[in-house]
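2 protein chains.
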Amino acid sequence: MADRTEIDVLIELMAKLPGLGPRSARRAVLHLVRKRALLLTPLADAIGRVAVSARECINCGNVGTSDLCPICADPQRANGQICVVEDVADLWAMERSKVFKGRYHVLGGTLSALDAIGPNELRIPQLVHRIEDEAVSEIILALNATVDGQTTAHYIADQLETRVELTSLAQGVPIGGELDYLDDGTITAALNARRKV
Amino acid sequence: MADRTEIDVLIELMAKLPGLGPRSARRAVLHLVRKRALLLTPLADAIGRVAVSARECINCGNVGTSDLCPICADPQRANGQICVVEDVADLWAMERSKVFKGRYHVLGGTLSALDAIGPNELRIPQLVHRIEDEAVSEIILALNATVDGQTTAHYIADQLETRVELTSLAQGVPIGGELDYLDDGTITAALNARRKV
Numbered sequence: 001m002a003d004r005t006e007i008d009v010l011i012e013l014m015a016k017l018p019g020l021g022p023r024s025a026r027r028a029v030l031h032l033v034r035k036r037a038l039l040l041t042p043l044a045d046a047i048g049r050v051a052v053s054a055r056e057c058i059n060c061g062n063v064g065t066s067d068l069c070p071i072c073a074d075p076q077r078a079n080g081q082i083c084v085v086e087d088v089a090d091l092w093a094m095e096r097s098k099v100f101k102g103r104y105h106v107l108g109g110t111l112s113a114l115d116a117i118g119p120n121e122l123r124i125p126q127l128v129h130r131i132e133d134e135a136v137s138e139i140i141l142a143l144n145a146t147v148d149g150q151t152t153a154h155y156i157a158d159q160l161e162t163r164v165e166l167t168s169l170a171q172g173v174p175i176g177g178e179l180d181y182l183d184d185g186t187i188t189a190a191l192n193a194r195r196k197v
Numbered sequence: 001m002a003d004r005t006e007i008d009v010l011i012e013l014m015a016k017l018p019g020l021g022p023r024s025a026r027r028a029v030l031h032l033v034r035k036r037a038l039l040l041t042p043l044a045d046a047i048g049r050v051a052v053s054a055r056e057c058i059n060c061g062n063v064g065t066s067d068l069c070p071i072c073a074d075p076q077r078a079n080g081q082i083c084v085v086e087d088v089a090d091l092w093a094m095e096r097s098k099v100f101k102g103r104y105h106v107l108g109g110t111l112s113a114l115d116a117i118g119p120n121e122l123r124i125p126q127l128v129h130r131i132e133d134e135a136v137s138e139i140i141l142a143l144n145a146t147v148d149g150q151t152t153a154h155y156i157a158d159q160l161e162t163r164v165e166l167t168s169l170a171q172g173v174p175i176g177g178e179l180d181y182l183d184d185g186t187i188t189a190a191l192n193a194r195r196k197v
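Chains as they are written, first to last, in this note's numbering: chain D, 1 to 197; chain W, 1 to 197.
Hints are computed from structural coordinates only; laboratory data are not their basis.
We put the beta carbon where it would ideally sit given N, CA and C, even for glycine.
Hints may be right or wrong, so weigh each one.
Unchecked claim - Stretch by stretch, here's where chain W covers chain D in the computed footprint (C-beta under 8 Å, at least three residues): (1) 16 to 27; (2) 30 to 36; (3) 46 to 54.
Can you build the whole structure from these sequences, using the hints too?
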């Protein structure tokens with residue numbers, strides 16, 4: 001099989017993607033080769049273009065194709081709100097809801113003593129700079145409702161509470177959620193944060 | 001988000017791969033962008049090269065990067081045996097076992113009256129030609145043990161039984177298989193094909 005290396009190399013690289021293993025990588029590459037015009041050529045073009053142009057936004061840490069991501073480059077989104085998220089994937093999830101009209105700040109993870117991740121590893125200093133530089137009226141902490149996420153949220157709140165208004169996402173029953181399937185923590189949070197009907 | 005199109009396009013294309021959906025495609029693309037040097041650039045190179053060079057072997061139907069696949073180009077594999085498989089994935093599975101030293105013939109599917117797939121859609125005429133052109137002593141039918149696979153095997157056997165020796169893969173208990181978990185059909189086949197110890 002000496003000469004099949006180009007396809008072998010592609011299978012090996014595809015198998016390194018999250019969610020794909022050796023078998024599904026083989027299946028994906030065979031599918032690509034069969035759908036050459038519809039999928040393989042466009043995918044090769046798209047991945048080549050992203051490999052050249054993808055970069056991190058120097059302001060918020062979002063992934064884009066220029067130094068400033070589309071959100072930071074759009075003056076209409078400078079409404080004084082900054083939504084702080086752990087990860088670019090979280091930013092994309094917020095954007096899909098189409099409800100937030102301000103800008104973001106991607107921390108790049110959570111504080112973790114075990115992994116030696118402190119504030120300087122997390123773009124927290126950059127967040128402090130942005131509060132000084134941009135006319136920020138509200139910081140919305142949209143960190144994951146995990147122990148690490150909430151620890152990080154508390155740390156940021158401690159740092160910033162004297163300088164800017166701080167809010168965080170509401171915790172409670174997810175839309176469509178059934179009480180019987182919810183964990184105790186969520187039910188407790190939803191009960192504590194109950195509102196008048 | 002107008003300017004994020006290059007990354008959006010890549011996510012959309014990745015989501016069309018078997019085994020990936022929109023969420024895992026987003027995760028894969030973020031992973032790629034983060035591992036630019038280690039994964040994104042090599043993958044862009046590899047997929048670009050495959051997009052240019054991948055083609056079907058004119059002799060057996062295997063996928064390779066030249067008109068004759070490495071197996072058909074290798075004179076050492078012209079041992080008179082041709083292993084008939086449904087699909088390139090089956091050929092690769094046979095090759096991984098490293099036990100078969102002959103050549104292959106990929107049918108490209110199975111006969112199916114419902115889907116209007118007859119012998120001419122299946123590279124069966126090419127198989128007949130190869131028996132005439134190459135010095136073939138044995139055809140090994142390695143079709144899947146499904147109804148469609150076995151129907152196709154019977155059809156090929158009918159066509160070729162006067163011209164060449166025909167064999168098929170043994171059916172029985174898989175290595176490591178537990179009887180309690182096997183279906184009745186497999187147990188029946190294994191019992192009928194029992195051998196002296």
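Results for each hint:
Requiring three or more residues with a Cβ within less than 8 Å of a Cβ of chain W, the coverage given for the region 16 to 27 of chain D holds, as 8 such residues are present. For the region 30 to 36 of chain D, the stated coverage by chain W is satisfied: 5 residues place a CB nearer than 8 Å to a CB of that chain, which reaches the threshold of 3. Look at the region 46 to 54 of chain D against chain W: 8 of its residues bring a Cβ nearer than 8 Å to a Cβ of that chain, three or more, so the hint holds.
Consistency note: the structure conflicts with none of the earlier hints.
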